[in-house]
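Using the sequences and the hints, build the whole thing.
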Amino acid sequence: MPIERSELTLGILAGGRASRLGGLDKAWLQREGEAQVLRLVRRFRDRVGAVRISANRDPGRYAAHGLSAVRDNLSDVGPFGGLEALAAACTTPWLFTLPVDAVDAGPELLPALIAAQDGQGAYAIDDDGVQPLFALWPAAPLRQALAQAADAQRWAVRELQTGLGMAALRLDGLRFGNLNTPDDLAAAGFVPGLGD
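First residue of the sequence shown: 19, per my numbering; consecutive thereafter.
Don't read these hints as lab results, they were simulated from the structure.
By construction, the Cβ of each residue, glycine as well, lies at the ideal position given by its N, Cα and C atoms.
Label-pair distances were calculated between CB atoms; the ranges are:
| no. | residue 1 | residue 2 | range |
| --- | --- | --- | --- |
| 1 | D145 | E177 | 21 to 29 angstroms |
| 2 | R63 | M19 | 18 to 26 angstroms |
| 3 | R57 | A81 | 14 to 22 angstroms |
| 4 | S93 | R57 | 26 to 34 angstroms |
| 5 | E50 | G84 | 19 to 27 angstroms |
Here is the structure:
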């Protein structure tokens with residue numbers, strides 16, 4: 019089932035605390051002189067109709083780059099809170115999500131997810147296993163599922179995907195990677211962002 023660019027919103031989850039990195043804001047980590055959040059937006063902007071960032075600090079920094087940041091409505095529930103905020107802000111039929119600390123999320127990911135889904139969305143599986151935040155969500159069913167899960171205080175993103183009947187897209191030979199420790203940063207060539 020094809021999906022037009024105008025039907026897609028890119029939602030980047032950047033609201034985490036990064037406690038293992040001493041509270042560094044992963045969105046503004048620099049690689050080759052470019053902030054991570056700006057790198058991801060650049061890779062996918064031409065494939066989507068809108069961009070939203072789930073971020074719980076420094077909204078003015080995003081606005082300075084022409085980005086719309088939304089705060090979590092639910093606190094202390096992990097990625098579920100960011101996903102709920104993005105779904106609430108999404109005005110298109112489809113929401114494509116990425117975690118801001120994705121090291122190797124290439125532009126081919128979105129067309130692959132679109133091809134894999136059959137009206138119910140899809141999520142990625144790389145060589146490290148299920149990656150539930152690398153996903154293409156049907157926005158209206160997602161909002162309904164999020165509301166029901168929140169009422170039941172069930173915060174697992176994978177449980178949402180199972181309930182929505184989303185397809186699993188296996189990407190053999192690929193590791194998205196993430197930035198959770200100082201060693202992860204060094205291995206991927208990232209440095210703390212000093213300015214932008």
